[in-house]
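Peer 1: Be aware that the sequence shown starts at 425, since it is given in our numbering, and climbs by one per residue.
Everything labelled a hint here was simulated from the structure, so no lab data went into it.
Ideal Cβ placement from N, Cα and C applies to all residues, glycine included.
Hints are not guaranteed to be accurate.
Capping the alpha-carbon separation at 20 Å, the derived lysine to any residue pairs in SDA-like fashion look like this [as the list claims (entries may be wrong)]:
no. : residue 1 : residue 2
1   : Lys443    : Thr469
2   : Lys443    : Ile429
3   : Lys443    : Asp484
4   : Lys443    : Tyr467
Using C-beta positions, here's what the derived DEER-type ranges look like [to be verified]:
no. : residue 1 : residue 2 : range
5   : Gly515    : Thr488    : 17 to 25 Å
6   : Asp436    : Gly521    : 16 to 24 Å
7   : Val476    : Gln512    : 15 to 23 Å
8   : Leu520    : Arg458    : 13 to 21 Å
9   : Val476    : Lys443    : 19 to 27 Å
10  : Lys519    : Gly498    : 37 to 45 Å
11  : Leu520    : Gln497    : 39 to 47 Å
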Amino acid sequence: MPTYISLINWTDQGVRNTKETVERAQAATDLAERMGGTLRDVYWTVGEYDIVSIAEFPDDETGTAFLLALGSQGNIRTSTLRAFNAEQMTGILGKLG
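Make the full structure from the sequences, and use the hints.
Peer 2: Put into structure tokens, the structure is as follows:
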């Protein structure tokens with residue numbers, strides 16, 4: 425399944441409700457599973473981003489729908505990167521000819 429790395433910042437609402445962050449992460453994990461994906465890791469971080477997550481979804485459309493569902497709750501804003509492991513990158517490089 426495609427892998428996605430999300431760099432996440434809390435909104436003002438998210439910071440006000442910071443005590444609920446672990447419960448929100450569990451709810452996100454449950455949502456990902458209902459959508460056919462997996463929220464593999466969630467890390468709370470210090471620095472430019474408040475949270476970093478690693479997820480897998482069957483396709484870009486499902487991953488995007490997941491992020492829209494989370495964002496619509498008003499607690500976070502995300503920047504998401506499509507990630508490739510070594511095997512996938514080897515396949516990509518093989519297409520170069």
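Peer 1: Give a verdict on every hint.
Peer 2: Against the structure, the hints:
1. Lys443 <-> Thr469: 15 Å, holds
2. Lys443 <-> Ile429: It is violated: about 24 Å lies between the C-alpha atoms, which goes past 20 Å.
3. Lys443 <-> Asp484: 31 Å, violated
4. Lys443 <-> Tyr467: Given pair Lys443, Tyr467 holds - Cα atoms ~15 Å apart, limit 20 Å.
5. Gly515 <-> Thr488: 17 to 25 Å: 23 Å, holds
6. Asp436 <-> Gly521: 16 to 24 Å: Distance hint for Asp436, Gly521 is violated at roughly 50 Å.
7. Val476 <-> Gln512: 15 to 23 Å: 20 Å, holds
8. Leu520 <-> Arg458: 13 to 21 Å: 38 Å, violated
9. Val476 <-> Lys443: 19 to 27 Å: Given range 19 to 27 Å: holds, Cβ gap about 20 Å.
10. Lys519 <-> Gly498: 37 to 45 Å: 41 Å, holds
11. Leu520 <-> Gln497: 39 to 47 Å: 41 Å, holds
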